[in-house]
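Please work from the sequences and hints to get the whole structure.
Counting from 1, one number per residue, gives the positions in the sequence shown under the working numbering.
Be aware that one or more of the hints could be misleading.
Here are the computed lysine-lysine pairs in the DSS-like style, where the Cα-Cα straight-line distance is at most 25 Å [what the hints assert, rightly or not]:
{"id": "1", "residue 1": "Lys116", "residue 2": "Lys100"}
{"id": "2", "residue 1": "Lys86", "residue 2": "Lys114"}
{"id": "3", "residue 1": "Lys120", "residue 2": "Lys107"}
{"id": "4", "residue 1": "Lys86", "residue 2": "Lys107"}
{"id": "5", "residue 1": "Lys120", "residue 2": "Lys100"}
{"id": "6", "residue 1": "Lys31", "residue 2": "Lys71"}
{"id": "7", "residue 1": "Lys114", "residue 2": "Lys100"}
If you're looking for bench data, these hints aren't it; they were derived computationally from the structure.
If you're wondering where the values come from, they're calculated on a predicted model, not measured in any experiment.
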Amino acid sequence: MHKLDPIERLPDGTLFRLTPGQLRSVRGLTKRCCNFLDGDCLLLDGVCPQHISRSLLCRWFRRAVLPQQPKLEQAILSPKKLRRCKVCGTGILARSGRAKYCPACAKEVHRQQKAKSARKRRSGVDNSGSKSP
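Structure follows, in structure tokens:
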């Protein structure tokens with residue numbers, strides 16, 4: 001039996017959440033899905049999870065239906081808060097405008113910055129570049 005891919009998630013492990021406008025568009029697209037019939041999913045023999053959810057759950061919808069609307073797909077899958085880590089390049093969900101690193105790289109960068117600062121302080125050089133008396 002073929003093992004299905006896990007449900008796609010944001011870098012922090014949460015599901016893609018839809019804004020109210022995106023939700024209306026997704027529900028309209030869901031009704032045009034080939035597996036949707038009167039609120040039920042033909043593949044699952046039950047209620048369509050994508051139609052009742054506020055997140056992006058259905059793999060079929062994600063791979064077959066959503067690409068028909070490239071602007072909507074881009075808006076959902078590339079939120080503005082999603083950035084790339086400056087060190088390793090993995091996606092991070094920025095909580096502020098200053099976020100540059102993923103949590104793993106942030107510890108290492110902070111350690112290096114502290115070491116550089118300590119070396120500078122121990123050398124006795126001030127910011128102007130001259131030795132202290």
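Violated hints - listed by number, lowest first: none
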